[in-house]
Amino acid sequence: MGMRNFRAEKGDRPRLDRLFLRRFLTLQSVLFPRWMSENVLMLLTLLVVALTGQLVVYQVGILPSQFYGVLANRDPSGFRRLAVLAVMLILAISLLRSVEQYIGKLVYVNCRKVMTEHLHKLYFTKQVYYTLSTERPHVDNPDQRMTQDVERLCRELGTVASKLLITPFTLVYYSYQCAISTGWMGPLSIFGYFVIGSLLNRLLMGPLIPKLVQQEKLEGDFRFKHVEIRVNAEAAAFTRAGLVEHSRTAQRLQNLISVQKDLMNQELWLYFGTNLFDYLGGILSYMVIAVPIFAGVYRDLSAAELSELISKVMTAPLACLLIKGPF
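Just so we're aligned, residue 1 is where the sequence shown starts under the UniProt record's numbering, counting upward by one.
Incorrect hints may appear among the rest.
Said to hold, decoys possible - Estimated spans, in silico, between C-beta atoms of each pair:
| no. | residue 1 | residue 2 | range |
| --- | --- | --- | --- |
| 1 | PRO76 | VAL30 | 52 to 62 Å |
| 2 | VAL30 | ARG97 | 26 to 36 Å |
| 3 | VAL195 | GLN215 | 23 to 33 Å |
| 4 | TYR130 | PHE32 | 23 to 33 Å |
| 5 | LEU122 | GLN215 | 21 to 31 Å |
| 6 | THR249 | THR159 | 27 to 37 Å |
| 7 | LEU280 | ARG223 | 34 to 44 Å |
As the list claims (entries may be wrong) - Here are the simulated lysine to aspartate or glutamate pairs, EDC-like style, with alpha carbons at most 20 Å apart:
| no. | residue 1 | residue 2 |
| --- | --- | --- |
| 8 | LYS105 | GLU38 |
| 9 | LYS217 | ASP278 |
| 10 | LYS113 | GLU135 |
| 11 | LYS225 | GLU245 |
| 12 | LYS225 | ASP143 |
| 13 | LYS121 | GLU151 |
| 14 | LYS113 | GLU219 |
| 15 | LYS211 | ASP278 |
| 16 | LYS105 | GLU156 |
| 17 | LYS217 | ASP143 |
| 18 | LYS105 | GLU135 |
| 19 | LYS121 | ASP149 |
| 20 | LYS121 | ASP143 |
| 21 | LYS217 | GLU228 |
| 22 | LYS113 | GLU38 |
| 23 | LYS261 | ASP221 |
| 24 | LYS211 | GLU267 |
| 25 | LYS163 | ASP221 |
| 26 | LYS225 | ASP149 |
| 27 | LYS113 | ASP75 |
| 28 | LYS163 | ASP278 |
| 29 | LYS217 | ASP149 |
| 30 | LYS105 | GLU117 |
| 31 | LYS211 | ASP221 |
| 32 | LYS217 | ASP262 |
Think of the hints as simulated: they come from the structure by calculation, not from any bench. For glycine and all other residues, C-beta sits at the position ideal for the given N, C-alpha and C.
From just these sequences and the hints, can you work out the full model?
Now the structure itself:
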């Protein structure tokens with residue numbers, strides 16, 4: 001739509017390549033034009049809130065190990081102190097998560113405003129709205145691109161923004177905590193698990209991307225057909241074209257349903273891979289902590305102390321698995 005980086009030839013297969021990278025960087029220059037722009041400031045605020053939340057989350061994560069300790073030692077005063085601390089930490093993380101979600105929604109709304117205004121400026125300049133339909137037929141349903149697609153893109157951006165911002169920091173922190181508890185084998189096992197899962201993820205996701213793009217195109221065509229009938233309802237009624245339009249609309253619906261069924265059939269294997277790695281991740285965390293235990297590193301601890309330690313050190317491997325989760 002007037003932007004060289006956003007041109008696409010008909011029949012192109014969507015994929016992660018240099019063209020995608022150029023488009024992505026162009027998109028970022030639109031959404032975040034200056035370092036002190038409103039969107040950048042909101043993301044920085046989101047980063048601070050999310051990092052603070054992660055610190056509190058870690059403290060909440062090691063609470064069960066502390067409860068194991070006070071209960072095993074039958075320490076009522078320690079239990080009361082720990083219960084008060086737990087309530088305070090839960091209140092803090094609830095507030096921080098709420099603020100994080102609120103800022104994420106603000107990012108979504110503001111990014112949608114900036115992106116839509118930018119597209120409108122291009123769309124209504126030099127009659128681009130006309131040349132798109134006459135000279136660039138491969139740009140299908142520009143109305144859908146500027147409304148539904150922009151809305152979805154910005155909504156996803158607002159949802160994952162905090163995760164993308166804090167992931168590098170939390171990975172380093174939890175990998176360090178995991179290494180302290182389990183040695184070098186802990187982080188190495190988790191990173192190896194992540195690499196294998198990512199390769200499988202890429203293999204399973206590859207066939208889905210073109211189908212998703214095709215489905216979105218057919219959704220736009222189907223919706224446009226209904227808009228076309230509504231706009232030309234008088235002419236269609238005058239020529240008694242109801243049966244013809246019914247047949248054409250039904251054909252577009254059939255095409256859409258056929259692609260959706262193909263997509264769901266291919267998603268079956270993606271669901272299998274997702275569930276497989278979810279459950280294997282839970283077992284892997286126990287395998288990681290089992291190595292130093294069976295090696296005799298903690299042989300001097302009592303059963304209660306060992307249970308407390310296991311609960312505490314399991315926080316870091318589990319957190320790494322959740323952050324690095326390949327699906």
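Here is what the structure says about each hint:
The hinted range of 52 to 62 Å is satisfied by PRO76 and VAL30, whose Cβ atoms lie roughly 60 Å apart. About 29 Å separates the C-beta atoms of VAL30 and ARG97, a value consistent with the hinted range of 26 to 36 Å. At roughly 30 Å, the beta-carbon separation of VAL195 and GLN215 lies within the given 23 to 33 Å, and the hint holds. Restraint check, TYR130 to PHE32: a C-beta distance of roughly 31 Å satisfies the suggested window 23 to 33 Å.
Range check, LEU122 to GLN215: Cβ separation about 26 Å, and the 21 to 31 Å hint holds. Range check, THR249 to THR159: Cβ separation about 34 Å, and the 27 to 37 Å hint holds. Restraint check, LEU280 to ARG223: a C-beta distance of roughly 41 Å satisfies the suggested window 34 to 44 Å. Straight-line distance between C-alpha atoms of LYS105 and GLU38 comes to about 14 Å, which keeps the hinted pair within the 20 Å bound.
About 32 Å separates the Cα atoms of LYS217 and ASP278, which puts this hinted pair outside 20 Å; it is violated. With a C-alpha separation of about 28 Å, the suggested pairing of LYS113 with GLU135 is violated against the 20 Å cut-off. As the CA atoms of LYS225 and GLU245 are separated by approximately 9 Å, the hinted pair is consistent with the 20 Å bound. At most 20 Å may separate the alpha-carbon atoms for a hinted pair to count; LYS225 and ASP143 meet this at roughly 13 Å.
Taking the CA atoms of LYS121 and GLU151, the gap is about 17 Å. The hint holds against a cut of 20 Å. Between LYS113 and GLU219 the alpha-carbon distance is near 24 Å, which puts this suggested pair outside the 20 Å criterion. Using a Cα cut-off of 20 Å, the hinted pair LYS211 and ASP278 is violated, with the two alpha carbons roughly 25 Å apart. For the hint pairing LYS105 with GLU156, the CA-to-CA distance comes to about 10 Å; that is within 20 Å, so the pair holds.
Of the supplied pair hints, the one linking LYS217 and ASP143 holds, its CA atoms being roughly 12 Å apart against a limit of 20 Å. For the hint linking LYS105 to GLU135, the alpha-carbon distance of about 38 Å lies beyond 20 Å, and the restraint is violated. For a cut-off of 20 Å, the pair hint linking LYS121 to ASP149 stands: about 17 Å separates their Cα positions. Proposed proximity of LYS121 and ASP143 is supported: the alpha carbons are some 14 Å apart, at most 20 Å.
This hinted pair checks out: LYS217 and GLU228 have alpha carbons roughly 16 Å apart, not beyond 20 Å. Between LYS113 and GLU38 the CA atoms are separated by roughly 12 Å; this keeps the pair inside 20 Å, and the hint holds. For a cut-off of 20 Å, the pair hint linking LYS261 to ASP221 stands: about 18 Å separates their Cα positions. Taking the CA atoms of LYS211 and GLU267, the gap is about 10 Å. The hint holds against a cut of 20 Å.
This hinted pair does not check out: LYS163 and ASP221 have alpha carbons roughly 34 Å apart, beyond 20 Å. About 18 Å separates the Cα atoms of LYS225 and ASP149, which keeps this hinted pair within 20 Å; it holds. The straight-line distance between the Cα atoms of LYS113 and ASP75 is roughly 57 Å, outside the 20 Å bound, and the hint therefore fails. Proposed proximity of LYS163 and ASP278 is supported: the alpha carbons are some 18 Å apart, at most 20 Å.
Restraint check: the Cα-Cα separation between LYS217 and ASP149 comes to about 11 Å, which is no more than 20 Å; the hinted pair holds. For a cut-off of 20 Å, the pair hint linking LYS105 to GLU117 stands: about 18 Å separates their Cα positions. For a cut-off of 20 Å, the pair hint linking LYS211 to ASP221 stands: about 15 Å separates their Cα positions. Among the hinted pairs, LYS217 with ASP262 is consistent with the structure: their alpha-carbon atoms are about 15 Å apart, no more than 20 Å.
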